[in-house]
Amino acid sequence: MPRISGMDMLKAVVIDINEIDEGHRGFYVQKDGKFFLNVTPVDGFQLDNVTGLKTALGAERNSVATLTAQLKPYEGLDATAARTAIERIAAFGDITPEAAKTAVETATRLTALDPEKQAEQIASTKLDTLRGQLTAQFNLRETELTSMVNGGKATIESLTGQLQNLMRDNQIKDEVAKSNPLDDARDAVELLVGKFVKTSMKDGKVVVEVLDTNGNPRIKDHNGTPFTVADLVAEVREKSASLFKPDEKRGLGVPPGNNGSPPAGGVVNPWAKDTWNLTQQMVLENTKPDLAKQLSAAAGVKA
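Take the sequence shown: its position 205, counting from 1, is numbered 350 in the working numbering, and each next residue is one higher.
Simulated from the structure, these hints should not be mistaken for laboratory data.
Don't take each hint at face value.
[As the list claims (entries may be wrong)] Mimicking BS3-like on lysine-lysine, the simulated pairs with C-alpha atoms at most 30 Å apart in a straight line are: (1) 318 / 390; (2) 176 / 318; (3) 433 / 384; (4) 433 / 340; (5) 390 / 199; (6) 323 / 298.
Could you put together the complete structure from these sequences and hints?
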């Protein structure tokens, strides 16, 4: 199988297979007139097209903006006055048609007797009725728009979370793959790296950050250069070389004093005095328990 160096990036999809180095063309499958990188899904991780997520996120943002604009004309309405009007209307809720008819007849007689005194009362009643109707319409529309806005915000948050997780996981998998880990240790390395990688939204963009043990963003120098996922993977490889395949140029994976011969199973013994490493011990115990027992016994450590 051809090796892929750190500088040799494989494209996810190409139209012309000739764009790909001949030794890597076997990794692609043809579909719908294009050639796609053939990636086998593992534990829920796979090669995905995020265009749909970005499109849906943009549509939801436009929807929230439209709903907010529709709600704006109702700003400044006196809620106290609206509730007072509703309470006044509710006071007439038990009036029967017969009682209403009697009241109308009485009002007619009173109006005929003294129109000037009754005019103000009639106008006030009409105004209260109109206010009650407007308030009821406003409250109904406000409830509908608020529900739609909240629903849109929830959808945006969900899509944003999915996009953040996808970009984080893809970047971790990509950088770990470049570091050439052992096949059985790939998942363990991704978990070790993932513990310190978080995503956030800044100025409408997804930002991937590497954090320290206190949850603060790491930097590489006094200039404030961000510590990248690639830097973190390189650090893990340096501290836990037994989780990675030997580098042909540097001879990684072969402990000193071993005459160039790799230890049992091709893994540095993390229980040995000169190569003691608690993190590697935990990884081997979780991924290769039999090998862990063999190495610990060889170093004279009781399980």
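Against the structure, the hints come out as follows:
For the given pair, residue 318 sits about 16 Å from residue 390 by alpha-carbon distance, which is consistent with the 30 Å threshold. A hinted pair counts as satisfied when its Cα atoms are at most 30 Å apart, and residue 176 with residue 318 qualifies at roughly 24 Å. Distance restraint check for residue 433 and residue 384: the Cα-Cα separation of roughly 19 Å lies within the 30 Å cut-off, and the hinted pair is therefore satisfied. A C-alpha spacing of about 21 Å is found between residue 433 and residue 340, which places the hinted pair at or below 30 Å, so the restraint holds.
As the CA atoms of residue 390 and residue 199 are separated by approximately 37 Å, the hinted pair breaks the 30 Å bound. Only pairs whose Cα atoms come within 30 Å are accepted, and residue 323 paired with residue 298 is rejected, the gap being roughly 38 Å.
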